[in-house]
Amino acid sequence: MSINAKQAAKVAKLARIHVERSELPALAEDFNAILDFIEQLGEVDVENAEPMTSVTPMRLKRRDDKVTDGGRQGEILSNAPDAREGFFAVPKVVE
Amino acid sequence: MSDLNRLTITAARDLLRKGETTSEEITVSCLSAIESAAHLNAVVHQTRDLAIRQARDADSRIRSGRAPSMCGMPIGVKDLFCTRNVASQAGSAILDDFIPEYESTVTAKLFEAGAVMVGKLNMDEFAMGSSNETSIYGNVVNPWKSNDDGPDLTPGGSSGGSAAAVAADLCIAATGTDTGGSIRQPAAFTGITGIKPTYGRCSRWGIIAFASSLDQAGPMTKSVRDAAIMLESMCGHDSKDSTSADLPVPCFEYMLTGDIRGKVIGVPREYRMDGMPDEIESLWRDGMDMLKNAGADIRDISLPHARYALPAYYVIAPAEASSNLARYDGVRYGRRSRLDKGEGITEMYEKTRAEGFGAEVKRRIMIGTYVLSAGYYDAYYNRARKVRTLIKSDFDAAFSEGVDSILTPTTPSAAFELGRNAHDPVEMYLNDIFTVTVNLAGLPAISIPAGLNRHGLPLGLQLIGRPWEEGDLLNTAHALENAVGFVAKPHKWW
Numbered sequence: 001m002s003i004n005a006k007q008a009a010k011v012a013k014l015a016r017i018h019v020e021r022s023e024l025p026a027l028a029e030d031f032n033a034i035l036d037f038i039e040q041l042g043e044v045d046v047e048n049a050e051p052m053t054s055v056t057p058m059r060l061k062r063r064d065d066k067v068t069d070g071g072r073q074g075e076i077l078s079n080a081p082d083a084r085e086g087f088f089a090v091p092k093v094v095e
Numbered sequence: 096m097s098d099l100n101r102l103t104i105t106a107a108r109d110l111l112r113k114g115e116t117t118s119e120e121i122t123v124s125c126l127s128a129i130e131s132a133a134h135l136n137a138v139v140h141q142t143r144d145l146a147i148r149q150a151r152d153a154d155s156r157i158r159s160g161r162a163p164s165m166c167g168m169p170i171g172v173k174d175l176f177c178t179r180n181v182a183s184q185a186g187s188a189i190l191d192d193f194i195p196e197y198e199s200t201v202t203a204k205l206f207e208a209g210a211v212m213v214g215k216l217n218m219d220e221f222a223m224g225s226s227n228e229t230s231i232y233g234n235v236v237n238p239w240k241s242n243d244d245g246p247d248l249t250p251g252g253s254s255g256g257s258a259a260a261v262a263a264d265l266c267i268a269a270t271g272t273d274t275g276g277s278i279r280q281p282a283a284f285t286g287i288t289g290i291k292p293t294y295g296r297c298s299r300w301g302i303i304a305f306a307s308s309l310d311q312a313g314p315m316t317k318s319v320r321d322a323a324i325m326l327e328s329m330c331g332h333d334s335k336d337s338t339s340a341d342l343p344v345p346c347f348e349y350m351l352t353g354d355i356r357g358k359v360i361g362v363p364r365e366y367r368m369d370g371m372p373d374e375i376e377s378l379w380r381d382g383m384d385m386l387k388n389a390g391a392d393i394r395d396i397s398l399p400h401a402r403y404a405l406p407a408y409y410v411i412a413p414a415e416a417s418s419n420l421a422r423y424d425g426v427r428y429g430r431r432s433r434l435d436k437g438e439g440i441t442e443m444y445e446k447t448r449a450e451g452f453g454a455e456v457k458r459r460i461m462i463g464t465y466v467l468s469a470g471y472y473d474a475y476y477n478r479a480r481k482v483r484t485l486i487k488s489d490f491d492a493a494f495s496e497g498v499d500s501i502l503t504p505t506t507p508s509a510a511f512e513l514g515r516n517a518h519d520p521v522e523m524y525l526n527d528i529f530t531v532t533v534n535l536a537g538l539p540a541i542s543i544p545a546g547l548n549r550h551g552l553p554l555g556l557q558l559i560g561r562p563w564e565e566g567d568l569l570n571t572a573h574a575l576e577n578a579v580g581f582v583a584k585p586h587k588w589w
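So the protein lines, in turn, are chains A and B. Per my numbering, the very first residue in the first sequence carries number 1; after that it's consecutive. Per my numbering, the very first residue in the second sequence carries number 96; after that it's consecutive.
Source of the hints: derived by calculation from the structure; they are not laboratory data. Honestly, I wouldn't trust all of these hints.
Claimed, not checked - List time: in silico DMTMM-like cross-link candidates among lysine to aspartate or glutamate, alpha-carbon distance up to 20 angstroms:
1. B:113 to B:152
2. B:436 to A:36
3. A:92 to B:365
Said to hold, decoys possible - Here are some of the chain A residues that sit facing chain B, going by a computed Cβ distance under 8 angstroms:
4. 4
5. 15
6. 17
7. 24
8. 25
9. 37
10. 41
11. 44
12. 56
13. 60
14. 62
15. 67
16. 82
17. 84
18. 87
19. 88
Stated by the list, open to error - Over the 12 angstroms line for every Cβ pair with chain A, so calculated as not near, a few chain B residues:
20. 162
21. 392
22. 394
23. 432
24. 455
Just so it is clear, CB atoms sit at the ideal spot from N, CA and C, and this is done for glycine as well.
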């Protein structure tokens with residue numbers, strides 16, 4: 001499988017990373033080198049293997065469904081690039 | 096007393112308990128070593144005031160006579176750990192000016208035990224790299240060189256700052272994290288000891304995530320005994336990490352008897368690669384002989400899927416990274432790009448991430464996005480997860496046949512020149528060929544310095560243990576360490 005500049009642009013869009021048009025061919029080339037390397041996985045017989053979900057088999061812990069933390073608005077907003085009146089502020093989303 | 100920064104945890108503990116020195120004295124000695132090591136670029140945020148305050152607190156605890164082993168030890172902390180009120184940016188521009196309001200569980204445990212933080216340590220951006228060349232802070236320089244006029248070498252990565260800081264005696268020990276070899280490979284390149292415990296031993300809470308099913312924290316130290324002491328204080332169940340194991344943590348140090356008679360050490364034949372350098376081959380053979388002389392039984396084993404570990408890793412780790420790093424969107428923390436007139440929220444995401452992430456991080460996010468995208472999910476991601484199952488069952492089979500631990504080289508070479516592999520991602524990935532299988536299988540593994548190559552650079556051997564058997568693994572490593580008798584240190588040229 002091989003990626004061209006157009007497909008590379010699509011991946012960049014999905015990843016929400018702006019890539020200049022002039023950089024797309026080089027990016028596609030990088031992808032192809034890595035994908036060629038990954039391609040080796042095609043040699044493995046995986047017929048009887050289940051995809052791994054957890055490397056150490058354990059039952060997830062449960063706890064009572066009640067509020068245990070909160071009231072930290074100031075701490076949560078303290079690193080925001082733009083916080084106003086107790087909220088995160090972003091450019092207009094809806095016209 | 097001079098050169099207190101050169102102490103091990105074990106030696107410092109003895110002196111502190113006897114009242115022959117203070118934590119403040121050792122801390123000041125480390126802080127001045129840091130001042131004179133700017134060329135190495137290992138320490139990126141100094142925390143002098145905090146360190147002095149913590150050292151004084153530790154001294155009063157030590158005087159009261161009830162101090163744990165880590166009490167008063169000046170350590171460096173990898174920039175990946177969130178530390179309260181201290182910059183934590185994972186070596187990335189996207190976390191410029193990020194000051195956590197909380198403390199990672201691992202650093203909180205170390206501080207409760209009395210450890211002193213002298214600074215945050217350089218690393219590859221988001222722990223993605225094997226040479227510490229992807230950091231926004233610039234390259235870390237290895238304190239080891241083949242000769243004084245020789246070129247600067249990489250300390251390895253991603254915990255390159257931690258490795259260089261410990262090797263250059265800028266701190267007594269350091270924290271690292273290991274997703275594909277990021278503790279063990281730099282430990283090998285700098286002649287120190289580094290252990291990655293079993294997945295689930297150390298809480299991941301507060302450690303900036305790279306690939307959540309692979310990431311584990313661990314100590315980087317000057318000896319195996321130091322690793323045992325520090326690891327114990329980092330481990331333990333944490334309800335804030337759902338993959339944290341609710342198992343008792345044994346006293347690892349008590350398990351260091353040095354007696355490995357009757358232990359079965361597996362040597363995987365698939366690790367004998369074509370073109371393996373002679374110096375690595377003979378280091379490995381010497382390691383086998385030493386363990387045999389110490390009474391262990393060396394056994395040839397097979398891990399048939401080991402050769403697929405690296406390609407499986409380069410699907411799984413980027414896939415997890417692409418979803419973990421989706422949180423850097425310029426909204427809640429970190430950097431936000433300046434927008435031009437008429438640009439909206441999508442442009443804000445795309446520009447912020449384009450400007451904030453470095454080339455290798457972007458590459459991995461996009462590879463991860465690709466292997467998870469519609470039409471490729473089964474062909475790449477699910478196939479890699481199936482291969483991961485097979486890799487783990489190879490180890491399970493070896494352990495069920497009575498193997499106690501597995502001996503391999505840590506890296507395929509000694510430290511290389513900075514810049515040498517920087518332009519070929521796949522060539523760089525090959526650094527992790529011996530270490531990455533362990534992360535995929537969730538196993539504990541340790542690298543210890545085992546010799547010098549013909550250019551006088553350190554080389555490491557890796558021992559891989561059974562899950563949750565860090566104590567036994569450390570004991571085997573201790574026996575090997577005794578047999579090797581590695582004492583070389585880089586001389587101070589920086």
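Open item on the list: Let me make sure I understand: some of the numbered hints might not hold for this structure. Which ones are they, in numerical order?
Closed with: 2, 3, 4, 7, 8, 14, 15, 17, 18, 23 and 24
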